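Quick note, the sequences are listed as chains W and H, same order. The letter at position 224 of the first sequence is residue 224 when you use our numbering, and the numbering goes up by one with no holes. The letter at position 68 of the second sequence is residue 68 when you use our numbering, and the numbering goes up by one with no holes.
FYI, nobody ran anything at the bench for these hints, they're computed from the structure. Since this is a predicted model, take the numbers as computed values, not measurements. It is possible that part of the hints are untrue.
Identical copies go unnamed one by one, so any copy, or any two together, can satisfy a pair.
Listed next, the in silico BS3-like pairs over lysine-lysine satisfying Cα-Cα at most 27 Å (straight line) [claimed, not checked]:
{"no.": "1", "residue 1": "K266", "residue 2": "K15"}
{"no.": "2", "residue 1": "K207", "residue 2": "K122"}
{"no.": "3", "residue 1": "K15", "residue 2": "K327"}
{"no.": "4", "residue 1": "K266", "residue 2": "K8"}
{"no.": "5", "residue 1": "K354", "residue 2": "K303"}
{"no.": "6", "residue 1": "K147", "residue 2": "K122"}
{"no.": "7", "residue 1": "K152", "residue 2": "K207"}
{"no.": "8", "residue 1": "K303", "residue 2": "K60"}
{"no.": "9", "residue 1": "K303", "residue 2": "K55"}
{"no.": "10", "residue 1": "K266", "residue 2": "K195"}
{"no.": "11", "residue 1": "K8", "residue 2": "K122"}
{"no.": "12", "residue 1": "K28", "residue 2": "K327"}
{"no.": "13", "residue 1": "K147", "residue 2": "K8"}
{"no.": "14", "residue 1": "K15", "residue 2": "K230"}
{"no.": "15", "residue 1": "K91", "residue 2": "K152"}
{"no.": "16", "residue 1": "K354", "residue 2": "K391"}
2 protein chains.
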Amino acid sequence: MSNIVSEKMYALGSKRSEIRELFEYGKKRIAEVGAENVYDFSLGNPSVPAPDCVKNTLAKLVSETDPVALHGYTSAQGDAGVRQACADYVKNTHGCDCSADDFYMTCGAAASLTITLNALSKEGDEVIVLAPFFPEYTVFITQAGMKCVQVKCSEEDFQIDFAALEAAINEHTKAIIINSPNNPSGAVFSEDTIKKLAEMLEGAQKKYNRSIFIIADEPYRELVYDADIKVPFIPNYYNNTIVCYSFSKSLSLPGERIGYILVPPKACDNRDIYFAVCGAGRALGYVCAPSLFQKIVPECIGKTADISIYKKNRDLLCNALSEYGYKVVRPDGAFYLFVKALEEDSRAFCEKAKAHDLLIVASDSFGFPGYARISYCVSTEMIERALPAFKALAEEYNK
Amino acid sequence: MSNIVSEKMYALGSKRSEIRELFEYGKKRIAEVGAENVYDFSLGNPSVPAPDCVKNTLAKLVSETDPVALHGYTSAQGDAGVRQACADYVKNTHGCDCSADDFYMTCGAAASLTITLNALSKEGDEVIVLAPFFPEYTVFITQAGMKCVQVKCSEEDFQIDFAALEAAINEHTKAIIINSPNNPSGAVFSEDTIKKLAEMLEGAQKKYNRSIFIIADEPYRELVYDADIKVPFIPNYYNNTIVCYSFSKSLSLPGERIGYILVPPKACDNRDIYFAVCGAGRALGYVCAPSLFQKIVPECIGKTADISIYKKNRDLLCNALSEYGYKVVRPDGAFYLFVKALEEDSRAFCEKAKAHDLLIVASDSFGFPGYARISYCVSTEMIERALPAFKALAEEYNK
Numbered sequence: 001m002s003n004i005v006s007e008k009m010y011a012l013g014s015k016r017s018e019i020r021e022l023f024e025y026g027k028k029r030i031a032e033v034g035a036e037n038v039y040d041f042s043l044g045n046p047s048v049p050a051p052d053c054v055k056n057t058l059a060k061l062v063s064e065t066d067p068v069a070l071h072g073y074t075s076a077q078g079d080a081g082v083r084q085a086c087a088d089y090v091k092n093t094h095g096c097d098c099s100a101d102d103f104y105m106t107c108g109a110a111a112s113l114t115i116t117l118n119a120l121s122k123e124g125d126e127v128i129v130l131a132p133f134f135p136e137y138t139v140f141i142t143q144a145g146m147k148c149v150q151v152k153c154s155e156e157d158f159q160i161d162f163a164a165l166e167a168a169i170n171e172h173t174k175a176i177i178i179n180s181p182n183n184p185s186g187a188v189f190s191e192d193t194i195k196k197l198a199e200m201l202e203g204a205q206k207k208y209n210r211s212i213f214i215i216a217d218e219p220y221r222e223l224v225y226d227a228d229i230k231v232p233f234i235p236n237y238y239n240n241t242i243v244c245y246s247f248s249k250s251l252s253l254p255g256e257r258i259g260y261i262l263v264p265p266k267a268c269d270n271r272d273i274y275f276a277v278c279g280a281g282r283a284l285g286y287v288c289a290p291s292l293f294q295k296i297v298p299e300c301i302g303k304t305a306d307i308s309i310y311k312k313n314r315d316l317l318c319n320a321l322s323e324y325g326y327k328v329v330r331p332d333g334a335f336y337l338f339v340k341a342l343e344e345d346s347r348a349f350c351e352k353a354k355a356h357d358l359l360i361v362a363s364d365s366f367g368f369p370g371y372a373r374i375s376y377c378v379s380t381e382m383i384e385r386a387l388p389a390f391k392a393l394a395e396e397y398n399k
Numbered sequence: 001m002s003n004i005v006s007e008k009m010y011a012l013g014s015k016r017s018e019i020r021e022l023f024e025y026g027k028k029r030i031a032e033v034g035a036e037n038v039y040d041f042s043l044g045n046p047s048v049p050a051p052d053c054v055k056n057t058l059a060k061l062v063s064e065t066d067p068v069a070l071h072g073y074t075s076a077q078g079d080a081g082v083r084q085a086c087a088d089y090v091k092n093t094h095g096c097d098c099s100a101d102d103f104y105m106t107c108g109a110a111a112s113l114t115i116t117l118n119a120l121s122k123e124g125d126e127v128i129v130l131a132p133f134f135p136e137y138t139v140f141i142t143q144a145g146m147k148c149v150q151v152k153c154s155e156e157d158f159q160i161d162f163a164a165l166e167a168a169i170n171e172h173t174k175a176i177i178i179n180s181p182n183n184p185s186g187a188v189f190s191e192d193t194i195k196k197l198a199e200m201l202e203g204a205q206k207k208y209n210r211s212i213f214i215i216a217d218e219p220y221r222e223l224v225y226d227a228d229i230k231v232p233f234i235p236n237y238y239n240n241t242i243v244c245y246s247f248s249k250s251l252s253l254p255g256e257r258i259g260y261i262l263v264p265p266k267a268c269d270n271r272d273i274y275f276a277v278c279g280a281g282r283a284l285g286y287v288c289a290p291s292l293f294q295k296i297v298p299e300c301i302g303k304t305a306d307i308s309i310y311k312k313n314r315d316l317l318c319n320a321l322s323e324y325g326y327k328v329v330r331p332d333g334a335f336y337l338f339v340k341a342l343e344e345d346s347r348a349f350c351e352k353a354k355a356h357d358l359l360i361v362a363s364d365s366f367g368f369p370g371y372a373r374i375s376y377c378v379s380t381e382m383i384e385r386a387l388p389a390f391k392a393l394a395e396e397y398n399k
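Bound conformation, chain W alone (with noise of 0.2 Å):
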């Protein structure tokens, strides 16, 4: 490297993610061997399309929206009349008192953490991440100046160890992210769990006589299969909780950036804490969220693309895995499947299964060793070709 640019972006940016390494790899093969030999289950790209209501309003608002007002800047914290959408639907949905000047338009998930994160951000802070953790936490969490402390969940369940986590919790503690459903296990913290986790950080904030904040990393709110799971929404169990929302997943949108951030009205300092949200997306050059994309939120929020396709595929995977001998918690959530590897080194399972051409990330990146995800937002069709591929593996260790 030369000693002209800064050493931390070039790390970051020479080495890509794992994810990202993996996705680039296949498409390399793809090339090499045809698509119809290579299963790539590497990126949480959503494989169900946008729902109608997504196409029929950017065609409607293309057609007949004056331009300059359609594609002009909006208030930085994003169009009020999408913001009132928002609060309107968070408040009929989940009985959260909100107003529009609550929220926080911004350009998705990663926009939503890295405002916070930076807004947040004092010398000491540390925040806590529950392993399995999405890999970019611990890449924004430094940036903004803090330190990431991994905490790792139960691995029957991938439900909160909290015996670890009160262990880590200490007087520098600022904040934890809690991601659920989980990215990469699928995990959905039950409404036992939440209210128990926030039971847990009342105590943490009267002992260490500071605010500990939640940062609710959402963007797979809406992705969960089966009528009895429920996802709380953790505003209403814990007062000093910060929503980060993205419609990547649920509206079939990831390239579009666009999600949200909510301070609610009860998280202590809210006012405070939003300016400096509003500083912290200025200061890294977000100017507002994509217009066009902010103005289909009002028609479009709380609908879904086809996730009956995701349950489907969960199932399907699930099954033939277990039926072949992998390790399997079911996961009610998200679109990811995280299975035990079949060895101890799961950089080393997940190099014998590219050998299958099946395209699949170890856990290490995740803070979790041990473990592969298995993103099953693709086709049916894709994941019923792999399927021997999965058995060929499962095979070769059991010789």
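Starting from the structure of chain W, add chain H where the hints point.
For chain H alone, coordinates are given in the frame of chain W:
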């Protein structure tokens, strides 16, 4: 302020930029006295609709493209075909040798700048800005961990004051931001100026034995109004140039956040810089530039909104204001008029203008006190309505 949030972010978010502040005031004032009685020249929000190719391409993409591909993640650096279209255009238009792999698509000019600055930043580095300058430069530079050094342009014509620039360059200088056509002065740096600048920087690189970059911030490149005005393409004159481009103004899409960074092959260590750009984009939470708006680029690059309206506005305003006794340097490009305040204190001057419901921005935050910025990307009709107010304001000072 509470002691919970980042002081820096709170300060940035609670105190809006003066421009945004004035714009919000304008919206309130319109509600009070009616749009026909407020003359809002505060914002650089294009008033001319996007060219037809934008609407047509959007409609075609939305109706004909598979939504999964259309709205899916692109590679972090941008869709390969889109980057190829940018490379072809730059090669054909400016004769600059470059390829798709030298382009990184961004969420607009602010993102181009924050990402580039974070990519280059090393401890102790300084970045020179030429006053008058876009106020957010100081935010972006300090947020990236560098020192912002201001050098004033010549007051006669807003061209570079080379003696002042030479005095500011030292062993810490990492880059200089060149914004031509300029916001807020409208000045375009001539080929002679760019040649002289290149020569001076070549000398400085030798003298201090380090690489010094020009960061060419070029959202206004296409907005020039006279046939004899050319905007030199800086990489053709100085190798260590990084181009930060945005389609916001040329295509009248400021809210959609689409632009690019070009690290030309002739820039030293260009691969290292490119990787650091990828890393900075990742660290700041930019997953990819908005997918749909990336995909209009191949059809729309090189086209512009109907800029003859801006020319008409410029001429109307320049002629009238000169007649009323204002000191005006006729701008060659962008859509701003930088007019000398009629008293020493430009903020006091702009407050007096506000009493006439003339919303113009005091120049202090542009690093060049004593002036006001008048954005003429407004309707010609509003300018006509505003002229009596400009006249009355001038007469207040001539009593």
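Worksheet item: Looking back at the numbered hints, which does the structure fail to meet, lowest number first?
Response: Violated: hints 3, 5, 12, 14, 15.
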